[in-house]
Each structure stands twice: as C-alpha cells, then as structure tokens.
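Dock chain Y against chain H, hints included.
These protein sequences, in sequence, are chains H and Y.
Under the numbering used here, the first residue of the first sequence is numbered 1, with each subsequent residue one higher.
Under the numbering used here, the first residue of the second sequence is numbered 255, with each subsequent residue one higher.
Hints were generated in silico from the structure; no laboratory data involved.
In this text the structure is predicted, and so the values were computed from the model without any measurement.
Here a beta-carbon is modelled for each residue, glycine too, at the ideal position from N, C-alpha and C.
There's no promise every hint is true.
Derived pair list, reagent style DSBU-like, types lysine-lysine, alpha-carbon separation capped at 35 Å [unchecked claim]:
#  : chain 1 : residue 1 : chain 2 : residue 2
1  : Y       : K468      : H       : K170
2  : Y       : K494      : H       : K167
3  : H       : K23       : Y       : K405
4  : Y       : K308      : H       : K170
5  : Y       : K461      : Y       : K405
6  : H       : K23       : H       : K170
7  : H       : K16       : Y       : K265
8  : Y       : K541      : Y       : K308
9  : Y       : K494      : Y       : K541
10 : Y       : K399      : Y       : K494
11 : H       : K170      : H       : K2
12 : Y       : K468      : Y       : K541
13 : Y       : K467      : Y       : K494
14 : Y       : K308      : H       : K167
15 : Y       : K467      : Y       : K308
16 : Y       : K308      : Y       : K394
17 : Y       : K461      : Y       : K541
18 : Y       : K394      : Y       : K468
Heads up, incomplete: computed chain Y residues facing chain H, CB under 10 Å, no partners named [to be verified]:
#  : residue
19 : I278
20 : I345
21 : Q563
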Amino acid sequence: MKLGFLVDLNLCMGCKGCEIACKVENEVPLSSWRLRVKYIDMGSFPDTSRSFTPLRCNHCENAPCERICPVSALHYLDNGIVNIDSERCIGCAGCMMACPYGAIYMDPESNTADKCTYCAHRIEGGLMPACVVACPVEANIFGDVEDETSQISRYIMEHQGNVQVRKPEKHTNPLHYYVGGGNNTLNPLAHERIEGYGLFNNITTLDHPGNPNRSILDRFLEPIFGHPNDDLGNESFLDMPNANAGKAEDKGGH
Amino acid sequence: MDHVSTIEATKAIVSMDVAHTGIIWGWMITLNMWAKSIGTGVILVGAFLLYRHKHEDMPSLRWLMPLISFIALNAFLFFTLIDLHQPWRMIHIFTHPHWTSSITVGAWMASIFLVLVSIMMFTSLFTHFSEFRKDCAIAKAVRSKDGLYEKVFPFTVFLAFPVTMYTAIIMSQSAARELWVPGAELIQMLLAAFMVGSATFILIGGKWAETVKKDLAMILALSVLFSFIMYMGEYFFSYKAAEVEATLAYVHSGGPYFTQFWAGMILGYIIPFFVATTMSDNRTMMKFAAVTTFIGLYFAKSTWLEIPQLLPLS
Numbered sequence: 001m002k003l004g005f006l007v008d009l010n011l012c013m014g015c016k017g018c019e020i021a022c023k024v025e026n027e028v029p030l031s032s033w034r035l036r037v038k039y040i041d042m043g044s045f046p047d048t049s050r051s052f053t054p055l056r057c058n059h060c061e062n063a064p065c066e067r068i069c070p071v072s073a074l075h076y077l078d079n080g081i082v083n084i085d086s087e088r089c090i091g092c093a094g095c096m097m098a099c100p101y102g103a104i105y106m107d108p109e110s111n112t113a114d115k116c117t118y119c120a121h122r123i124e125g126g127l128m129p130a131c132v133v134a135c136p137v138e139a140n141i142f143g144d145v146e147d148e149t150s151q152i153s154r155y156i157m158e159h160q161g162n163v164q165v166r167k168p169e170k171h172t173n174p175l176h177y178y179v180g181g182g183n184n185t186l187n188p189l190a191h192e193r194i195e196g197y198g199l200f201n202n203i204t205t206l207d208h209p210g211n212p213n214r215s216i217l218d219r220f221l222e223p224i225f226g227h228p229n230d231d232l233g234n235e236s237f238l239d240m241p242n243a244n245a246g247k248a249e250d251k252g253g254h
Numbered sequence: 255m256d257h258v259s260t261i262e263a264t265k266a267i268v269s270m271d272v273a274h275t276g277i278i279w280g281w282m283i284t285l286n287m288w289a290k291s292i293g294t295g296v297i298l299v300g301a302f303l304l305y306r307h308k309h310e311d312m313p314s315l316r317w318l319m320p321l322i323s324f325i326a327l328n329a330f331l332f333f334t335l336i337d338l339h340q341p342w343r344m345i346h347i348f349t350h351p352h353w354t355s356s357i358t359v360g361a362w363m364a365s366i367f368l369v370l371v372s373i374m375m376f377t378s379l380f381t382h383f384s385e386f387r388k389d390c391a392i393a394k395a396v397r398s399k400d401g402l403y404e405k406v407f408p409f410t411v412f413l414a415f416p417v418t419m420y421t422a423i424i425m426s427q428s429a430a431r432e433l434w435v436p437g438a439e440l441i442q443m444l445l446a447a448f449m450v451g452s453a454t455f456i457l458i459g460g461k462w463a464e465t466v467k468k469d470l471a472m473i474l475a476l477s478v479l480f481s482f483i484m485y486m487g488e489y490f491f492s493y494k495a496a497e498v499e500a501t502l503a504y505v506h507s508g509g510p511y512f513t514q515f516w517a518g519m520i521l522g523y524i525i526p527f528f529v530a531t532t533m534s535d536n537r538t539m540m541k542f543a544a545v546t547t548f549i550g551l552y553f554a555k556s557t558w559l560e561i562p563q564l565l566p567l568s
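Bound-form chain H, shown alone:
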C-alpha cells in the first residue's frame, strides 16, 4: 500500500477549508502551517486570473528529510506516509533545510519539527484526512496509488498527461500529485513574491523558526522547569502587533 494525494487545481476555489480543517484537526499553532493554500495572480487588467494551490508535505518515496534526520524521528510508515516522532526529534532543523518543498516547520509549542502526516492518526482509525473531508468540491483526492481500482489511481489514469508533481528534478518521487497545475503554480521561481501587504495579509518573513520568545537558555531550562510564557503571547489575533494597521474609521470603515 502506498497512500498518495492528488489535488485537482481546476476544481480548487481557494476557500481554505482544507487549511482550517488541518489547523483544527492537528492543533497547529499560530505562525505554523501543515497545509496552506497559496494564491497566485497572473496577467494584467482586464485579462487577469487567480490560481489556488494547496501545498503540503509530498510524502516523497525518496524523502530528503528522512535521510538527513539524525535520530530517525522522521520515518516511513508501511503505508508510505512519512511520519514524525516529536518525542525523538532533537530540533536540529536538518529536515527543514532538506525539504525542497518547505513543508516542515518548527512547532513553537513542542519545539520540535512537525509537518503534514496525511492525518496518519485518522487513517489508522479508518477515516479520511481532515482536509479531504472539508473540501466542498472534492478537489482533494486521497487513496492507495498502488491499488488500480482506487479513486486516486483512476483519476490519475483519466488525466494522463496532465498529472504533475512539484520539483520532479529533485528525484524525491513525491506521492502528491496535481492535476491542472502549471509552471506558475508549481514552480516557486516562476512567480514574484513581494514583501508587504498582499490580498488579505502581510506577506512577510518570520523572525525566528519556532517560538521567538524562547531564549537559548530556555532550551536547556524549559524541559526541567517549564516555560514561564507557555501561551506564546498568541492568545488572540487581536493581540498580535501590527504597526501598519490603522483603525477602521481611519480607512473610511465603520
């Protein structure tokens, strides 16, 4: 059995339901994402288009993150999932440096590497991953790619010539496929990423991987004494600093 994912980008409408479902299911902390939907705009007015690309761990058959992990915290499950054992992880961030897809993050709460596991805990219980369940247009298709009768295998057969993986030149053999993707959507070098405000958010750079409030000394003391600021100061979006944001009234709002 080899579990794989396929996203039909022709169907995806960028609702971010999968992203939210993933966040809730896996309790992914603020500033971290296991699955995200990226918006890319193309063309010039009035001939413009917007594409939506859900991005998650590719569960590569030849995973660089598994190879570089010094303690086997990242490991393969029998069903092909690249799983992570946060109890064993030493937080060296080697996997973050190795993953060509930027799919691994440093969890600011556990201070270990984490990523999409295709909801391995749900699959173990016979459930579909949370993002698959949440998708209103069934753009996320999940199943056994070695089973010719599975929906994902049939979908791949039906869309031959239009099935792509990200960065095939890396020889990682991803078990995550896209239908209807193109260079602009799948190649990060093909589109420009402008710092500053985008559509709804401030596209910027994190100051620090993991918890920015955790000092080097905390790394040693925290396992013994705990951290005095366990809530990370992120109890609400409203509390997050945003120097550029003005009051709604200032912008003519209510």
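Structure of chain Y alone, referenced to chain H:
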C-alpha cells in the same frame, strides 16, 4: 504597500501566502563551522609542520596544537548543542543513530576526534609542565603514558579530514539548497581549515624558526588563493541552475549580504594573500593578516550559509 512598484505583465505574483520561514541555520551554525575549522585546521597544519621541521624549531607546538584544537572543538560542539531546539535530546544521536544522516556520522566522528585530541592534550600538557601536580597519582599516571601521544597522533590527523569536511555533506543532504554543491563545499571546508590553522600558528608562533614561518605564510597564501578562486567561480559563473542564480541574486543585487560577502573576501582572502606573498617577513603584518583571515572567513561562511535560506521553496 508603502510604495508603488511596476510588475511585468508576464510575471505572476503571489497575492496571498503564509510568512516565509526565514533563516533557519544562522550565526550559531556559522560559528559552529568556523570553530570546527580551527579545531581540525591546527591538527592538519601542525602535522605538516611536525613532518617538515624539527621539533626544536617550534618548541611549543607539541602541546599548543592539541590544546587549541580541544578549545575550538568544544566551542564547535557548544554551538552545535545550543542550536538544537531540544538540546537535552542530543543524546538521541548516540542512542538512536540514523546512519544515512551525515549529522549522525559527523557527530560520532567529531566525538571520537575530540577524545583523541583530549588524550594528546592531557599527555602533552602534563609532560610539558612536569612540575604541575608533581605528586598527584593521576598526573603521574598520565605522564607515564606520554608515548600515547605519538600513537594517537596519526589517527587524529587521519580523522581530521572527514571531521573537517562532513559539514559539506550535511549541506549536500540539504536538498532544498542548490547553492551548496558537495564537491565545491568539501574543498572549501578543507581550505578553510588550512586557512585558520595556519593563521592560528602565525599568531602564536612568534618565536618559531623562520623556515616554519615561511611555510605558514605559504600555506595561508595558497589556501586563501584556491578558496577565493572557488568563491569567485561560483559567484560570477553559476549560470546553470535557476535556483542558484536566484540565490546569488541576493548578493548580486546589493544590500547587507553584498557588503558582508565582499568584506569577507577582502578581509579573509585578498588581504591575507597579498600580505603572505609580499610581506611574509613582517611579523606585525602577518599577524594582522591572520586576524583578518579569521574575520573574513566568518563573513564568507555566514553569507554562503544564509543566502540559500532566503529563497521561498514553494
């Protein structure tokens, strides 16, 4: 947006996405590599000097070499440890080793190397300072094993090569960063060790024989020259991979990395080369060149480590 910029009509833009992770391996890993270069470099250059010259020409080398290496290796291991987000779990590398990982192999080799250097350091120190703890049983026992130094030394020199170079394999296994080409990085690591190894001895070997000092100037000049040529080759002529070109654009386009890289090249490579080739008899200038080598190497390593991490991967 604070300013209005023109975007090419053919260029797609990201209109909504998550924040970029930024620098994952920063100054701690730079210092890790820098300190390791000193720890292994003094052993490699020291071995060359001991092979080429009489011990009387460099009287303090026998005990200073392992002592400096010991301090630098501990600094290297310290920065490795504090860079971990779960430092107490470092022990997992020894209890749950994953042998395909160059981090694991490197940690094991570096640990064995440190043990060998420690043996050399303790035996040479107790022998050199023979009056220290003269009646102590432990000191006596260590002094009686002075022959261990010569037995351990060949293995230490042999191990210094892979310990110096294994970080290049970690960079190679970092499949996401195409700038780091294993062949080039392996040689750069080795040359860095020779650079700071010779620079260290130039700083401390003021009373050593002139022939030794000439050799040190030659090692410094050649290692900075070859390393500089490699950097220039990669900096100016990396046309083949789109990702490498996009990475180097962070330096080419000016800004802090441009300043840091060229400061590194001038301090760590150009100044030492000219001083070592034209003023090797001038002690003050050679020491100045040695100091700039240390600073320049840090800047160069820091730039090369950080710029690939600025590129969004997805």
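Hint by hint, here is what the structure shows:
1. Y:K468 with H:K170: 47 Å, violated
2. Y:K494 with H:K167: 16 Å, holds
3. H:K23 with Y:K405: 59 Å, violated
4. Y:K308 with H:K170: Violated: Y:K308 and H:K170 sit about 52 Å apart, past 35 Å.
5. Y:K461 with Y:K405: 28 Å, holds
6. H:K23 with H:K170: 28 Å, holds
7. H:K16 with Y:K265: Roughly 24 Å separates the two Cα atoms, so the pair holds.
8. Y:K541 with Y:K308: Measuring from Cα to Cα gives roughly 23 Å; hence the hint holds.
9. Y:K494 with Y:K541: 40 Å, violated
10. Y:K399 with Y:K494: The given pair, whose Cα atoms are some 56 Å apart, is violated under the 35 Å limit.
11. H:K170 with H:K2: With a Cα-Cα distance of about 20 Å, the restraint between H:K170 and H:K2 holds, given a limit of 35 Å.
12. Y:K468 with Y:K541: Distance of about 13 Å is within 35 Å: holds.
13. Y:K467 with Y:K494: With Cα atoms ~42 Å apart, Y:K467 and Y:K494 exceed 35 Å; violated.
14. Y:K308 with H:K167: 57 Å, violated
15. Y:K467 with Y:K308: Satisfied, since the Cα-Cα distance of roughly 13 Å is no more than 35 Å.
16. Y:K308 with Y:K394: 27 Å, holds
17. Y:K461 with Y:K541: Satisfied, since the Cα-Cα distance of roughly 13 Å is no more than 35 Å.
18. Y:K394 with Y:K468: The hint is violated at about 38 Å.
19. I278: It holds, given that the least Cβ distance between Y:I278 and chain H is near 5 Å, below 10 Å.
20. I345: 9 Å, holds
21. Q563: 8 Å, holds
Comparing the model with each numbered hint stated earlier shows that hints 1, 3, 4, 9, 10, 13, 14 and 18 do not hold.
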